[in-house]
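Enquirer: The chain contents come next:
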Amino acid sequence: MADDKLSTAESLRSTRSYGQVRCMNPSCAGRITPAPGQTQAKCPKCGSEWRIFWINAGLPRVKGPVWETSQRLANERLDQIAAEAGKNEELAKKEVK
Amino acid sequence: MSLDRKVAIVDLTTGKIDIKAIPLAVRKQFLGGRGLAAYLLYNYSKPGCDPLGPDNAVIFSAGILGGMLASASARTDVMTKNPLTGLLGSGNFGGFFAPELRYAGFDHIVVIGKAAKPVYIFVHDGEVEIKDAKNLWGKTVTEAQWAVREELGDPDVKCAVCGPAAEKLVRYANVMTGIKNANGRGGGGCTMGSKNLKMVAARGTMDIKIAHPHEALEFDKRFIEQITSAKVNQTMGVLGTPFIWGATNSWGGIRTNNFQFNQLLNADPIEPEEIDEWSKESMGSEYNMSACFGCQVHCRAKYKIPDTPLARKYGLVGKYDEGPEYTSQGAFNGEPGCTGLDTLLMGNHLVDQYGVDNLEIGSTISWAMELYEKGILTTKETDGLDLRFGNDDAVIAMIHHICKRDTWLGDVLAEGGIRASEKIGKDSFKLLIHMKGMQNLHSDERATPALALNLALASRGSDHLRSRPAIDLYHLPVDVMRRIYSSPVAYDGPLSSDHTEYIGKPWQVAWHENCYMAVDCLGICKYHTTFLGATLPNFEDWAKVLYYNVGLEMTPKDIWDVAERSNMVERLFNIREGMKKDDPFKGEILAERYFTEPCKRGAPDVIGKKIDKPKFLEMRALFYKYKGLDENGVPTPESLKKYGLENLDKEPLRI
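Protein chains in written order, with the working numbering: chain R, 1 to 97; chain A, 1 to 655.
You can take every hint at face value.
Computed list of lysine-lysine pairs in BS3-like fashion (alpha-carbon distance at most 25 Å, straight line):
| # | chain 1 | residue 1 | chain 2 | residue 2 |
| --- | --- | --- | --- | --- |
| 1 | A | K610 | R | K87 |
| 2 | R | K42 | A | K600 |
| 3 | A | K625 | A | K613 |
| 4 | A | K374 | A | K423 |
| 5 | A | K131 | A | K168 |
| 6 | A | K168 | A | K134 |
| 7 | A | K613 | A | K581 |
| 8 | A | K313 | A | K380 |
| 9 | A | K600 | R | K87 |
| 10 | A | K380 | A | K426 |
| 11 | R | K45 | A | K231 |
| 12 | A | K580 | A | K615 |
| 13 | A | K117 | A | K131 |
| 14 | A | K302 | A | K526 |
| 15 | A | K16 | A | K46 |
| 16 | A | K231 | R | K42 |
| 17 | A | K221 | R | K5 |
| 18 | A | K131 | A | K16 |
| 19 | A | K231 | A | K221 |
| 20 | A | K231 | R | K5 |
| 21 | R | K87 | A | K613 |
| 22 | R | K5 | A | K526 |
| 23 | A | K16 | A | K6 |
| 24 | A | K557 | R | K5 |
| 25 | A | K600 | R | K45 |
Because the hints were derived from the structure by calculation, they are not lab data.
Let's have the full structure, built from the sequences with the hints guiding it.
Expert: The structure is reproduced here in structure tokens:
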């Protein structure tokens, strides 16, 4: 059995990114490149803020949200959804009339 | 040879032991581990049997690579008819048991019947004995293992053991090995308890011949490099599996307060970095991680319980354990809304010693907490215990009460959610988050339709290890996804790198179902496959590792077919035992709250998410189509024929 050919999984290793984390806001998932040792980072795409932990010098990971920012953004989104729901309700009432 | 390991059929009623060879044809169809366990369970348990009666079987099954030159070839599957769900019960633990079982000359131990008094099974160098367990009964998981080693005069005996919870017939009791390796989610421990079987102890000195040793060594270097170079495994080697919980809680993908919310706010004290710090401090060493047989990742932290008022109250200060895994974070922190590190470490220790499933007990306690806060349970039923969310003391107390069955509520909850809801009444069942009778894990899948689909379809009930396309969350480019999901069978349908989408997900779930089954048949760890990263091994890599180690020349597609066939046997077992797709108790449908209550916490794009029911049902229908099932989820005659299963009912035993 020949073993010289790389499997799909092996060959995908070349596509790995180092030194970056993904924004944990799921639909955003923008790439964030924290400076070495940096302990907080803001997503340039959606504004979410994350606490950073370094597994090793080249491998950051998101430790958790900056809670205050996270809760503020969540509340804003909740308000937005409520407002949209209100608009839809008004629209539905108009349509009934 | 590596293929000459045998199966022992042990009848505890009669004391008869049959030792049989495993025909090569059966091996090629199921390989080993979970696949062969499913085949054996289908044949050795009587249709419709009482899970706690002598007609149920419990199967201990090593993977075909167990103890060989493949990374983390440590896994054992234990399969039974689940006392909790009445459907398939299957769990999988690492540690050192599977290699020892194979060195003792066996791959599978099938236990049927019921012993008149407590016994244990001792497997050693081609022989099997039933021995008196009078001195082991009543002992905790670790006490029993040390006692049997002393009795046998051999410190290297490895055990698959049940704890006090199994002896009390807690329906979600585990089979355990070592300090904390848990064969959870399957009820195997409870079945052992019902049979008066305390443990299977194994000790072996028989060689396993590697088919192509030089090539196997060479390839294993590549295999290990592939595994250890992955960022996910480098992270796991430092922070253990809690890093998964940390990541998921960051965006709001866990459930808290029995599914009312989806993020544990201000959870800093139990974030993985804090656990890691405590592990180092309490063990007095930077080298604080341990591993299973043959694994380079070392994902388990060692720790001692801190000196806190709560730990002092329960006499647990300084007790040693390993983990805690991310499931314990969910069970004892997220679900009941507690942020105490001591609660996590104590809860983890207690379930390891009682031998009970952490997810099921944590979910059940948090369900009871919601019932208490809604007035369905009162202090009368709780024996005065204040079961409000966030009460760390109540969580620890309830673990004891359930495992000992020493209060009314503890006794009722030991029966599992559905039976408990019948006794509690009112609206309690509506608040039970379960699939196929098993309470949910601690994650919240309302923002991830693929993961939600996997939950509903998992053969052992709500589950995160049957088919969880977790790499969905990495937003991989579609061309990368296409490469992964088109191998080893062609797929040119839709794929989406947006994990909130419904499109393309049924195929991903179908693909991962086969991927995880293959891993379980081989007997290697899921963390070493596409479960957590696109660059980790899958079918193409396994074909090589299987050939070099075992000598079986199988293509990636052949391994895929083994997985497909084995999944079909599990499905046939469930159908035989009463599974119907829309049944609220045993069906392949999500709890209603997935469809009706939106997410309220987490990252902005998670807020408001819930599962769209019509789209979910479309996904399920498409999954059935991909898997060769009819519109009710039943294998078609053509599929049965394709996988050689058309005579499974009529040909009960081919071994």
